[in-house]
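Q: Chain by chain, the residues run as shown.
Number of protein chains: 6
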Amino acid sequence: MVYITRREHFSAAHRLFLPENTDEANFEIFGKCSNPNWHGHNYILYVTVKGEVDPITGMIIHLRHVSKLIDEKILKKVDHKNLNLEVEFLAGKVPTSENVAIGIWNELADGIKKLGGMLHCVRLEQSENNIIEYFG
Amino acid sequence: MVYITRREHFSAAHRLFLPENTDEANFEIFGKCSNPNWHGHNYILYVTVKGEVDPITGMIIHLRHVSKLIDEKILKKVDHKNLNLEVEFLAGKVPTSENVAIGIWNELADGIKKLGGMLHCVRLEQSENNIIEYFG
Amino acid sequence: MVYITRREHFSAAHRLFLPENTDEANFEIFGKCSNPNWHGHNYILYVTVKGEVDPITGMIIHLRHVSKLIDEKILKKVDHKNLNLEVEFLAGKVPTSENVAIGIWNELADGIKKLGGMLHCVRLEQSENNIIEYFG
Amino acid sequence: MVYITRREHFSAAHRLFLPENTDEANFEIFGKCSNPNWHGHNYILYVTVKGEVDPITGMIIHLRHVSKLIDEKILKKVDHKNLNLEVEFLAGKVPTSENVAIGIWNELADGIKKLGGMLHCVRLEQSENNIIEYFG
Amino acid sequence: MVYITRREHFSAAHRLFLPENTDEANFEIFGKCSNPNWHGHNYILYVTVKGEVDPITGMIIHLRHVSKLIDEKILKKVDHKNLNLEVEFLAGKVPTSENVAIGIWNELADGIKKLGGMLHCVRLEQSENNIIEYFG
Amino acid sequence: MVYITRREHFSAAHRLFLPENTDEANFEIFGKCSNPNWHGHNYILYVTVKGEVDPITGMIIHLRHVSKLIDEKILKKVDHKNLNLEVEFLAGKVPTSENVAIGIWNELADGIKKLGGMLHCVRLEQSENNIIEYFG
Numbered sequence: 000m001v002y003i004t005r006r007e008h009f010s011a012a013h014r015l016f017l018p019e020n021t022d023e024a025n026f027e028i029f030g031k032c033s034n035p036n037w038h039g040h041n042y043i044l045y046v047t048v049k050g051e052v053d054p055i056t057g058m059i060i061h062l063r064h065v066s067k068l069i070d071e072k073i074l075k076k077v078d079h080k081n082l083n084l085e086v087e088f089l090a091g092k093v094p095t096s097e098n099v100a101i102g103i104w105n106e107l108a109d110g111i112k113k114l115g116g117m118l119h120c121v122r123l124e125q126s127e128n129n130i131i132e133y134f135g
Numbered sequence: 000m001v002y003i004t005r006r007e008h009f010s011a012a013h014r015l016f017l018p019e020n021t022d023e024a025n026f027e028i029f030g031k032c033s034n035p036n037w038h039g040h041n042y043i044l045y046v047t048v049k050g051e052v053d054p055i056t057g058m059i060i061h062l063r064h065v066s067k068l069i070d071e072k073i074l075k076k077v078d079h080k081n082l083n084l085e086v087e088f089l090a091g092k093v094p095t096s097e098n099v100a101i102g103i104w105n106e107l108a109d110g111i112k113k114l115g116g117m118l119h120c121v122r123l124e125q126s127e128n129n130i131i132e133y134f135g
Numbered sequence: 000m001v002y003i004t005r006r007e008h009f010s011a012a013h014r015l016f017l018p019e020n021t022d023e024a025n026f027e028i029f030g031k032c033s034n035p036n037w038h039g040h041n042y043i044l045y046v047t048v049k050g051e052v053d054p055i056t057g058m059i060i061h062l063r064h065v066s067k068l069i070d071e072k073i074l075k076k077v078d079h080k081n082l083n084l085e086v087e088f089l090a091g092k093v094p095t096s097e098n099v100a101i102g103i104w105n106e107l108a109d110g111i112k113k114l115g116g117m118l119h120c121v122r123l124e125q126s127e128n129n130i131i132e133y134f135g
Numbered sequence: 000m001v002y003i004t005r006r007e008h009f010s011a012a013h014r015l016f017l018p019e020n021t022d023e024a025n026f027e028i029f030g031k032c033s034n035p036n037w038h039g040h041n042y043i044l045y046v047t048v049k050g051e052v053d054p055i056t057g058m059i060i061h062l063r064h065v066s067k068l069i070d071e072k073i074l075k076k077v078d079h080k081n082l083n084l085e086v087e088f089l090a091g092k093v094p095t096s097e098n099v100a101i102g103i104w105n106e107l108a109d110g111i112k113k114l115g116g117m118l119h120c121v122r123l124e125q126s127e128n129n130i131i132e133y134f135g
Numbered sequence: 000m001v002y003i004t005r006r007e008h009f010s011a012a013h014r015l016f017l018p019e020n021t022d023e024a025n026f027e028i029f030g031k032c033s034n035p036n037w038h039g040h041n042y043i044l045y046v047t048v049k050g051e052v053d054p055i056t057g058m059i060i061h062l063r064h065v066s067k068l069i070d071e072k073i074l075k076k077v078d079h080k081n082l083n084l085e086v087e088f089l090a091g092k093v094p095t096s097e098n099v100a101i102g103i104w105n106e107l108a109d110g111i112k113k114l115g116g117m118l119h120c121v122r123l124e125q126s127e128n129n130i131i132e133y134f135g
Numbered sequence: 000m001v002y003i004t005r006r007e008h009f010s011a012a013h014r015l016f017l018p019e020n021t022d023e024a025n026f027e028i029f030g031k032c033s034n035p036n037w038h039g040h041n042y043i044l045y046v047t048v049k050g051e052v053d054p055i056t057g058m059i060i061h062l063r064h065v066s067k068l069i070d071e072k073i074l075k076k077v078d079h080k081n082l083n084l085e086v087e088f089l090a091g092k093v094p095t096s097e098n099v100a101i102g103i104w105n106e107l108a109d110g111i112k113k114l115g116g117m118l119h120c121v122r123l124e125q126s127e128n129n130i131i132e133y134f135g
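Respectively, the protein sequence lines represent chains A, B, C, D, E and F. 112 is the number that numbering that gives the first Met the number 0 gives to position 113 of the first sequence; each next residue is one higher, with no gaps. 58 is the number that numbering that gives the first Met the number 0 gives to position 59 of the second sequence; each next residue is one higher, with no gaps. 18 is the number that numbering that gives the first Met the number 0 gives to position 19 of the third sequence; each next residue is one higher, with no gaps. 50 is the number that numbering that gives the first Met the number 0 gives to position 51 of the fourth sequence; each next residue is one higher, with no gaps. 5 is the number that numbering that gives the first Met the number 0 gives to position 6 of the fifth sequence; each next residue is one higher, with no gaps. 95 is the number that numbering that gives the first Met the number 0 gives to position 96 of the sixth sequence; each next residue is one higher, with no gaps.
No wet-lab data here; the hints were simulated from the structure. Errors might be hidden in some of the hints.
No copy labels: a pair is met if it fits in one copy or bridges any two.
Using 20 Å as the maximum straight-line C-alpha spacing, the simulated EDC-like pairs for lysine to aspartate or glutamate come out as follows [stated by the list, open to error]:
| # | residue 1 | residue 2 |
| --- | --- | --- |
| 1 | Lys113 | Asp53 |
| 2 | Lys67 | Asp78 |
| 3 | Lys76 | Asp22 |
Since this is a predicted model, take the numbers as computed values, not measurements.
Chain A with its partners taken away, still in its complex shape (with noise of 0.2 Å):
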């Protein structure tokens, strides 16, 4: 078993909130990153695969279908977008990094499974400081 991982990276808006409370109540639990005029953040996102390495050529898959299927399933729909208003697999959803991984891991998995992979890690840094990491 050997675990391959691929970094992309995005560029967002978002904010955390709770509609039904105050923006005081909102700053309470989710301090700055409640700003009602939003905030945004480079991501970095690191998705690591597990596979048996095939005999013959030496991979367990190649990181270009990888790098293609994050393309298609997620940075089309984040880049450059408003993670509260414009990403459907967040719909409902505060958009903590904690779920925005959890995002990531649903719409990638099956995918992956389909490349002849299994999805072992979404991760994701918001900051160099904040990092986040959902093994499903």
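Since the structure of chain A is provided, determine the placement of chains B, C, D, E and F on it from the hints.
A: Frame of chain A; chains B, C, D, E and F shown alone:
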């Protein structure tokens, strides 16, 4: 003459557009950065100060003073904010990295002089691939 | 189960040695890290917490609380300090990265639990080439 | 149990291809990595060793011994070399990152054991976007 | 005057040698970079353009145009290629980082001018430890 | 004229203080860097040399010679040392990054000239946030 640099960072939302243009015309000029629903970045800011080294203390200026100045004059105004809607020193400007860097220069130059140095360069990394430098 | 990581850093002096040994014997075991006049590092610290995502807020735990805990329990005690002479939670230990990481774990585990998460990993980078991980 | 990691790097040329295939068939499988005139990379190698911390020295193993072992067993054989033509431990294998990582594991595992630790992971970054991990 | 930089990367094989020299003489001059079986690198390329900021758009030049120019004029010719055998703009030159940087400058200068900027610097990182800058 | 840079690193202890001052007065000037029990850093050192490219070899100077010079003149004297107590070229100076960079310049300038280049810049990163550059 020695050059000393302080690195800081902030996260913000923005949109590049000219209000008199249609969305199509804005997309033609600014590409996906013109998304009307905003997007955002983690900006890395490098502020470089030049000056003579004090022969007794061995310092030009203590970086904690530079850091405090940047925090008061810049970070409190831009971190987790919307650069189009909430930042007075960018009012009426398209918040491109060029304009943000020039705006930061104008906010800092006097304060740096009062601390005993001279502002030399404002460097703004909007992403690891896109970097702006302004020397006044 | 989701894993969330906060990155922090501190700078400190240390010396690796056994007081009952001669300088030569210490050099044999610890190499140039046993210099009696001290040396030091910029340590990068990653603290990983695991937990269930709250279905309402979309968070395990707000990272500003983790950051505040690390600041109080760790950074105030070690930043710009001498790890051999000034850090109570390392008293009587050789301040190798292994022992520093274990000491940090012991200082943080209870506080993380009170915040509603579980400490999963303390990762300490003594330099870009030398890294320690401790999972409790 | 503590995990300690040493980071090293080397530069090498390689080509991904199956000798029985036409260039077109190789391009179909391996993409531009099959260029018959070779290409190359700066590889970053992380070797992770696990073990108990010696209660006296506070170390699992001194990283300079791990570093020396990696230098002798790996770097001398692959740095500034052609992975297809000059590396005995890769003979007959397509030098994908998967196979290189597995080959490095096999070269190091015994030596690490003799040093008193257990090899836990070989991580190979072929570029900042493409990463392989092998756990034996 | 503002300076804007685009970061790109490519991977290539090369060999440093003078064809009239013996292997020993080449090794004397170029060290292990003269290996007759090639080796290779991940090159990081920074292209810096200077210009006046357009008072309406707030941009010197849109970086996607710079990026497209670099892709056409440079990356398509060097990425996953052999710098000695396959790159026309390096023909007859020893492909040191110095010569590669100068070659890239010559390929880009006119195109940057047509885009409305002036090429200021080509910076080429052959590894994290070895960097070349050329200002024309 | 081309500029070539070599990156190296070292770890050292230091303390910023004026011996004629009280601890309080030193703290007022130097902050926590004046801790009497020392602290330390991982310093990253960039040495930039400028020169004409040799039309035959395509090099200004081989970086392995620069690297060897830095090792002999600087790293052997400062790595894993105490900058206040053990470094002759800093004797009588407060070991601020400014003074360390100037000291390194003075140690290297002649040797670089003998190698056939001209020292252009000494850049010293005391941390990822604090950087000094000296151009002689």
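Q: Please sort lysine 113 with aspartate 53 into within, between, both or neither, judging by C-alpha distance up to 20 Å.
A: within (16 Å within a copy, 31 Å between copies)
Q: Treating 20 Å as the Cα threshold, decide for lysine 67 and aspartate 78: within, between, both or neither.
A: both (14 Å within a copy, 19 Å between copies)
Q: Please work out whether the CA atoms of lysine 76 and aspartate 22 approach to 20 Å or closer within one copy, between two copies, in both situations, or in neither?
A: Only across copies: lysine 76 and aspartate 22 sit 19 Å apart there, 28 Å inside one copy, limit 20 Å.
Checked against the numbered hints above, the structure violates none of them.
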